[in-house]
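Student: Given next are the chains, with one letter for each unit.
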Amino acid sequence: MKILSAENIMKRYGEKTVLENVSFHIEQGEVVSIIGPSGTGKSTLLRGLNFLAPPTEGNVYFKGGRLSKQNIDEARRKMVMVFQSFGLFENMDVMRNITIGQTDLLKKSIPEAEDRAREILKTVGLSDHAHHSPKQLSGGQKQRVAIARCLAMEPDIILFDEPTSALDPAMVGEVTAVIRNLAKSGMTMLIVTHEMEFAKNISNRVFFMDERGIYESGTPQEIFDRPQKPKTQAFIFKIKTFGFSVKSRDFDFIAMLNGIDDFCFRYAVDDKKAGQLRLLAEELVLNIVVPRFGACELALSFPESREAYHVSVAYPGEEVDALETGDELSVALVRNTAKNIERAYDGERGVNTLNIDV
Amino acid sequence: MESGAGTQAGGADGACWREIMLKRTCIILFLAVAVTLPFAGIFPVFAADGQRGDKQRDWEDFKGKTTAVMTGSVYDAIAEDIFDASEVLYFANQTDAFNAVKEGKAEIALYDDYETMLAFMGGDYDDMEIISIPLDVVHYEKAVFSTDQPLIDKYDEFLEGIRSDGTLDAMGDRWLYPESSREMPDIDLGGGNGTLTVATSGTRVPYSYVGDDGELAGFEIENATRFAAYLGMDVKFETMEFAGLIPFVLSGKAQIGANWVSITPERAESVIFSKPYYTTGACLVTKKLAAQAESGEEGSGFVAWLKNGIQKNLVQENRWKLIVNGLGVTLTISVSALIAGTILGCFVCFLLVRRTRWARIPVKIYNAIIHGLPMVVLLMVFYYIVFGKSSVSPIFVAIVAFALVQGANIGVILKNAIDTVDTVQIEAARSIGYTAFGAFRRVTLPQAIKVALPGYLNGFVELVKGTAIVGYIAIQDLSRVGDIIRSRTYDAYFPIMFVALVYLAIILIMVAVFKLIIRRVTAGRVTE
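For the protein sequence lines, the chains are Z and W, in the order given.
Taking our numbering, the leading residue of the first sequence gets 1, the next gets one more, and so forth.
Taking our numbering, the leading residue of the second sequence gets 359, the next gets one more, and so forth.
Hints were generated in silico from the structure; no laboratory data involved.
One should not assume that every hint holds.
Said to hold, decoys possible - Simulated crosslink set (DSSO-like; lysine-lysine; CA at most 27 Å straight-line):
no.	chain 1	residue 1	chain 2	residue 2
1	Z	LYS135	W	LYS808
2	Z	LYS135	W	LYS873
3	Z	LYS240	Z	LYS339
4	W	LYS773	Z	LYS135
Note that the structure is predicted; figures quoted are calculated from it, not measured.
Input sequences plus hints: build the corresponding full structure.
Tutor: This is the structure:
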């Protein structure tokens, strides 16, 4: 059963067209993730569906009915939204945040609403926080209350607008866990997210957005493992790659090391491997290539199988093997860590590349 | 688990408390000053009275001195032309001019009517001396004035009548001399020809002043009442500062002005004077040469001073009723302006939060005008220009003017308070099905009110204090009543202090009430 459909949605802000001819259907029980680079209209699409930013043109159908400014308030009760920055009502405690919609809009009695709220709080793991003020909660707890507030409306679909983007990395898990449980229970959800692992694991379908619309869509495997169109491929490659370019000898090497750490954390690289990658990058860039050539491009990536990690360093100049002229101790360290080392030279551009598998 | 919320509420309360404690500190300081003022004020008078000699002084000895005169009177011309004063100090009424001499701020004060001065100087003025200025040096003719020539013709006709039948002389005997009875006779009014509106000061003994039970009395009051009876009309008096009399009649708010006003060429250019009914000379008031030691015996110490002050300023002639009425007027204006201003402020705020520029521009202009004008000027503009030709009550005009100021302030306070509520909360409310108004009522408003209340309270306190200027447009509020009593009792300190204490009391009560409301609104919301 189609629960939500978009038909030729267009959104313009003044001269700028953000979305153009976007159409799709969401089936009951589907979980659809929306991914893509920043500024490609992911949040705009979501806010267009529930008319927080009504589409300039096009139609949205919810449970068969066409949405308009007249019926949107009614429809939103069943098509709720979770925001990046929570939006808990700060003049109310957790319990009242969850009951107020029920009593005001669903016309439930207070005891009825509170019973339901307690049930929902249990499912999001916050039973003992019912009478806390929003100010007393951590980010992860706030987002779980926001989800609970939505669930209290007994919605047919939940729209998630980057639900974990405002959270400390350590708190992302508690929110994604709640969303996973919702998916298991058959809740229909549309999720804008930057958490690729999460999107891949939870979704039935993935929309990749670019060029003012849904650029490519498919199953998580299709999008993440075998993307067909060039921008999707580039995006997926990029998220699986850490790149850092060094322009001068006094580059910010702390930023580089930090980036490597982030990348390893994001893809759950184990500590031993992460240490090796870090050491390799440090020796190659800091002690071997940059002192002599003054600039380089570093890239870290891994194949889907994760059998090996791939480190490449590109540096300009005549065809030269940096490992042969580098600091002996450093070169030894690199050779010991690497499983396989290859060197290539692109004569036209004058670029040497060292490809190392770990 | 409630501690966090408690701290939060406490934080807001704490800020509010600090504000109130600051106010209290100011009040205590003020009280300390107020209590020491009479001593500080009175004793230097005795101490400064150290000149020696009993030589009879002549008016010509006082040329080239610092001279106190009443604003809008004719005396500043005498001060400049005849006395060649080194400096002329202007005061709103004659009492203040006399007090300036008493306190040594000026050496002489000028006044007309040597006889009436002799009759009414007493009590606090025992250490003062009145010196006559001969008629051939300066004299004045007293008359009523209007902008309406036929009315003045009628008055001249009426004057002819009372002069010939002896009524005018009887009026003089009744009011102007030390042995006069000064009791208003009964005059039959109401011939069905409407109402004669008369502008008068109410602070000029014995011509126009507030007597027993707060009723206007005096020579000019009788004069105008008789004239109204002659015309077959009822009479209505509007009281205001002396300097406001002529503008008031010019604006058409009163048909006639009667306040023992002297005819001068300048005045005759703007208004039409009747034929004169009295000619008077002038006098000057200065401190007696010899120290008046015996004046110390009447008031030894604070308690005696207080007793005497209460008797003279509050009990005598039931003057406390004036205070009660004045307080009523002050509260009526303040509370009405607050209510109207709050409604207006909500509307202003509503326009300010609009995204469209055309909605904000009129509000910006309105705010700029309201904030750019001193309150007194704004009040006068409203009274004499905006409502110039209409006969609405001055209290209504004051309420409108103060409500406009409150509206501008409250609008901005509310707007800023609403801005502190983050928009995600509003979007979150909308996204689960609340209408725009529902989200505002449930989410924005409760949070905004909490933020706005302290500023709102401050605004109200400023409003109550600000209403003290309505005396400018013929309203007898608490402050003006203080002036009226002072003009009657010639007591420089007690009425001011008493009025100050009444203001303090009502403001403290208001602050307490508002604090209660703030508690109600902010408590038990977050942690229920």
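Student: Determine for every hint whether it applies to the structure shown.
Tutor: Against the structure, the hints:
1. Z:LYS135 x W:LYS808: The given pair, whose Cα atoms are some 16 Å apart, holds under the 27 Å limit.
2. Z:LYS135 x W:LYS873: Given pair LYS135 of chain Z, LYS873 of chain W holds - Cα atoms ~25 Å apart, limit 27 Å.
3. Z:LYS240 x Z:LYS339: holds, 20 Å
4. W:LYS773 x Z:LYS135: Answer holds: LYS773 of chain W to LYS135 of chain Z is near 24 Å, not above 27 Å.
Violated hints: none; the structure is consistent with every hint.
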